[in-house]
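K.L.:
The chain contents come next:
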Amino acid sequence: MGGIALIDETKEAELILRRLQPLFTAQWHCQYRLDVVNNQYGHVFNFFLDIQRKNHRERSIPLHSLRTTDLAVLERVLNQVRQGTALTLHFVDFGRVRWPLSQRWIR
Amino acid sequence: MDYSHEPHGMFFMIDNKSFYASVESVERGLNPLKSVIVVMSEADNTGSGLVLAASPMAKKLFGISNVSRQYEVPRDPRILVVPPRMNLYIQKNLAINKIFREYVADADLFPYSIDESILDMTKSWRLFGRTPEEVARKIQLRIRHELGLYTTVGIGENPVQAKLALDLQAKHDRELIGRLTYETVPQYIWPITQLTKVWSIGHRTAAHLQRLGIHSMGELAHVNPYELQQTMGLMGVQLFALAWGIDRSHFTQVRPPKEKSWSNSQVLPRDYRVQSEIELVLREIGLQTTARMRHHQQQTSCISLYVGFAWDGQADDGRSGLHHSRRIDPTDNAQTIIRELVTLFREIWDGQPVRNLGVGLSRLSPSGRLQLDLFQDPQRQIKDDKFDRVIDELRDRFGKTAVIPASSLLKGGTMLRRAALVGGHNGGNSFD
Chain A
1 MGGIALIDET
11 KEAELILRRL
21 QPLFTAQWHC
31 QYRLDVVNNQ
41 YGHVFNFFLD
51 IQRKNHRERS
61 IPLHSLRTTD
71 LAVLERVLNQ
81 VRQGTALTLH
91 FVDFGRVRWP
101 LSQRWIR
Chain B
1 MDYSHEPHGM
11 FFMIDNKSFY
21 ASVESVERGL
31 NPLKSVIVVM
41 SEADNTGSGL
51 VLAASPMAKK
61 LFGISNVSRQ
71 YEVPRDPRIL
81 VVPPRMNLYI
91 QKNLAINKIF
101 REYVADADLF
111 PYSIDESILD
121 MTKSWRLFGR
131 TPEEVARKIQ
141 LRIRHELGLY
151 TTVGIGENPV
161 QAKLALDLQA
171 KHDRELIGRL
181 TYETVPQYIW
191 PITQLTKVWS
201 IGHRTAAHLQ
211 RLGIHSMGEL
221 AHVNPYELQQ
231 TMGLMGVQLF
241 ALAWGIDRSH
251 FTQVRPPKEK
261 SWSNSQVLPR
271 DYRVQSEIEL
281 VLREIGLQTT
291 ARMRHHQQQT
301 SCISLYVGFA
311 WDGQADDGRS
321 GLHHSRRIDP
331 TDNAQTIIRE
341 LVTLFREIWD
351 GQPVRNLGVG
361 LSRLSPSGRL
371 QLDLFQDPQR
381 QIKDDKFDRV
391 IDELRDRFGK
401 TAVIPASSLL
411 KGGTMLRRAA
421 LVGGHNGGNS
431 FD
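Top line first, the protein sequences correspond to chains A and B. All letters in the first sequence, in the order written, are residues 1 to 107 by my numbering. All letters in the second sequence, in the order written, are residues 1 to 432 by my numbering.
Don't read these hints as lab results, they were simulated from the structure. Even for Gly, the Cβ is constructed at its ideal location relative to N, Cα and C. Treat the hints with care, since some could be wrong.
Unchecked claim - Capping the alpha-carbon separation at 30 Å, the derived lysine-lysine pairs in DSBU-like fashion look like this:
#, chain 1, residue 1, chain 2, residue 2
1, B, K138, B, K123
2, B, K123, B, K59
3, B, K138, B, K17
4, B, K400, B, K383
5, B, K98, B, K171
6, B, K138, B, K98
7, B, K34, A, K54
8, B, K197, A, K11
9, B, K98, B, K34
10, B, K123, A, K54
11, B, K197, B, K60
12, A, K54, B, K138
To be verified - Over the 10 Å line for every Cβ pair with chain A, so calculated as not near, a few chain B residues:
#, residue
13, S4
14, H5
15, V26
16, R85
17, E102
18, R126
19, I201
20, G213
21, Q238
22, K260
23, S263
24, P269
25, R326
26, A402
27, A406
Said to hold, decoys possible - Rough simulated footprint, nothing fancy, chain B against chain A, three-plus residues with beta-carbon under 8 Å:
#, region
28, 11 to 18
29, 25 to 38
30, 56 to 62
Go ahead and model the full structure; you've got the sequences and the hints to work with.
P.N.:
Shown next as structure tokens:
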């Protein structure tokens with residue numbers, strides 16, 4: 001269960017943005033995307049930067065794992081991440097669930 | 001053949017299907033059997049990149065094998081390339097072995113590699129099912145449910161049968177389970193003609209057997225074992241036993257190797273031609289190996305040095321490298337060992353471009369007391385000894401890079417970049 005270990009949401013968001021920064025080089029003909037994976041096996045949320053360039057192999061680079069299963073924590077971390085980057089977010093394996101704070105669908 | 005005197009146990013050899021690629025798939029919410037994923041190391045010394053693992057689909061669709069080179073992998077957008085995270089795989093391996101421990105006693109579990117374990121289920125399998133296959137299925141499902149990973153199980157009456165069942169049957173079985181017994185060895189093993197597919201038979205052994213007129217496992221089983229021993233030595237008897245699925249090893253009586261030694265080696269990121277650069281890396285490796293030895297309170301009285309040449313370096317005299325050993329006075333002092341290594345290097349090296357360096361320390365004895373040299377200043381010797389120990393402590397407490405020789409910052413040094421690697425590859429993000 002999440003919430004046992006204290007998570008400093010600001011620090012987590014900063015770490016993700018700091019690792020993202022040197023990887024996101026904004027090349028032409030290149031799609032960048034932030035993957036957020038609900039990993040039921042590890043009880044963590046995983047963050048990856050996905051890079052798709054025309055006629056190249058797709059690349060996926062691990063950024064961070066958030067050690068919680070608490071969606072509210074993830075929502076707050078993501079709100080801070082969004083302030084630092086405008087990359088598209090892609091949610092994997094969340095099912096049809098609403099965010100606990102904003103009550104919007106996760107997608 | 002009378003098998004009644006052979007050991008009849010119940011051994012499971014379990015391995016993970018494309019382990020690294022599967023772990024990376026699960027982390028991304030992908031099915032390990034359906035994803036097209038390639039784990040590629042881009043550490044300095046892998047050249048343009050080395051494939052550490054490819055998912056089953058990547059192997060099937062694109063023919064990518066492990067240890068393919070980066071340029072051999074097609075530039076296809078359907079292929080997902082990911083960097084390795086060695087620390088994560090070690091964690092997952094520990095989690096898997098923890099599950100195994102619920103099925104066997106600790107003493108009956110033998111981890112074989114990062115993705116393979118041998119379980120001696122002789123005493124415990126009946127607790128978990130009616131047939132060995134049922135038990136294997138149970139373990140497979142546990143691991144699939146808890147970690148998302150697929151495992152392959154080979155079952156045999158002894159370890160070698162389990163290994164053969166794993167390699168030759170389970171990997172092609174729909175349920176990923178294979179089973180061999182003394183009785184079924186002739187049926188499944190003897191028809192094999194591609195001898196290198198069989199565990200423990202490499203290209204050279206296979207070629208040797210071909211020369212002797214042995215072209216299948218069945219033919220191997222029907223040669224005269226005494227004649228085979230005459231031409232191949234002890235190896236011949238072992239191969240003969242292998243063909244009959246016989247294995248008399250007892251894991252609990254594993255003998256420790258007679259002579260332990262410490263060694264480190266590395267492939268350099270490029271060809272090194274400048275003496276000072278090669279010696280710099282040699283010093284770094286010497287330091288690292290000595291530190292490992294000192295951790296075990298040991299000292300060495302024999303150093304060995306391996307220098308592997310670059311491709312174009314071996315043409316001159318046909319040799320691909322040099323290997324030399326030298327006896328020295330027992331010591332665990334890094335500076336002394338490094339001085340000896342550098343001297344040895346200068347004696348044997350003839351200007352060839354170098355791509356590979358290795359250092360070994362053997363003839364070990366317990367250290368702990370300092371043998372003073374009559375011909376040197378005793379205060380100096382005690383100081384040197386203390387100095388090494390302080391450095392060790394600093395590294396233990398604050399990490400490998402807490403103190404480094406300033407020379408490692410020079411061109412050619414590899415220590416700093418390698419410190420973050422695990423087994424020569426990226427360990428993954430440190431604060432996950």
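K.L.:
Now tell me, hint by hint, if it's right for this structure.
P.N.:
Tested hints:
With a CA separation close to 17 Å, the supplied pair K138/B and K123/B stays within the 30 Å bound. Taking the CA atoms of K123/B and K59/B, the gap is about 38 Å. The hint is violated against a cut of 30 Å. For the proposed pair K138/B and K17/B, the alpha carbon gap of about 17 Å is at most 30 Å, so the pair holds. Taking the CA atoms of K400/B and K383/B, the gap is near 22 Å; set against the 30 Å cutoff, the hint holds.
With a C-alpha separation of about 23 Å, the suggested pair K98/B and K171/B falls inside the 30 Å cut-off, and the hint holds. In summary, the hint linking K138/B to K98/B is supported, as the alpha carbons are separated by about 15 Å, within the 30 Å threshold. Taken as a hint, the K34/B and K54/A pair is honoured in the structure, with Cα atoms around 23 Å apart against an allowance of 30 Å. Distance restraint check for K197/B and K11/A: the Cα-Cα separation of roughly 51 Å exceeds the 30 Å cut-off, and the hinted pair is therefore not satisfied.
With a CA separation close to 27 Å, the supplied pair K98/B and K34/B stays within the 30 Å bound. For the hint linking K123/B to K54/A, the alpha-carbon distance of about 57 Å lies beyond 30 Å, and the restraint is violated. A distance of roughly 19 Å separates the Cα atoms of K197/B and K60/B; the hinted pair therefore holds under the 30 Å criterion. In summary, the hint linking K54/A to K138/B is not supported, as the alpha carbons are separated by about 44 Å, beyond the 30 Å threshold.
Every CB of chain A is more than 10 Å from the CB of S4/B (nearest about 46 Å), matching its label as outside the interface. Non-interface status of H5/B relative to chain A is upheld: no Cβ of that chain comes within 10 Å, the nearest being about 46 Å off. A Cβ of chain A approaches the Cβ of V26/B within 10 Å, the least distance being about 6 Å, so the stated non-interface status is violated. For R85/B, the non-interface assignment is contradicted: its Cβ lies about 7 Å from the closest Cβ of chain A, within the 10 Å cut-off.
Distance check for E102/B against chain A: the nearest CB is about 17 Å away, which clears 10 Å, and the non-interface claim stands. In this structure R126/B is separated from chain A by more than 10 Å, as the shortest Cβ-Cβ distance comes to about 30 Å. The claim that I201/B is not at the interface with chain A holds, since no C-beta of that chain comes within 10 Å of its own (minimum 35 Å). Interface exclusion of G213/B from chain A stands, the closest Cβ pair being 47 Å apart, more than 10 Å.
At roughly 41 Å, the least C-beta separation between Q238/B and chain A is larger than 10 Å, which holds for a residue marked as non-interface. With 10 Å as the threshold on Cβ separation, the claim that K260/B sits away from chain A holds: the shortest Cβ distance comes to roughly 37 Å. Chain A leaves S263/B outside its interface by the beta-carbon criterion, the shortest separation being 32 Å against a cut-off of 10 Å. Annotated as non-interface, P269/B keeps its C-beta farther than 10 Å from every C-beta of chain A; the closest such distance is 21 Å.
In this structure R326/B is separated from chain A by more than 10 Å, as the shortest Cβ-Cβ distance comes to about 45 Å. Once the 10 Å rule is applied to beta carbons, A402/B is consistent with being away from chain A; the minimum gap is 23 Å. The claim that A406/B lies off the interface holds: its Cβ sits roughly 27 Å from the closest Cβ of chain A, which is beyond the 10 Å cut-off. Interface restraint, the region 11 to 18 of chain A with chain B: violated (1 residues with C-beta to C-beta distance below 8 Å; minimum three).
Counting residues of the region 25 to 38 of chain A whose CB falls under 8 Å from any CB of chain B gives 3; the rule of at least 3 is met. Under the rule that three or more residues need a Cβ within less than 8 Å of chain B, the assignment of the region 56 to 62 of chain A holds, with 7 such residues.
In terms of the numbered hints stated before, the structure departs from hints 2, 8, 10, 12, 15, 16 and 28, listed from lowest to highest.
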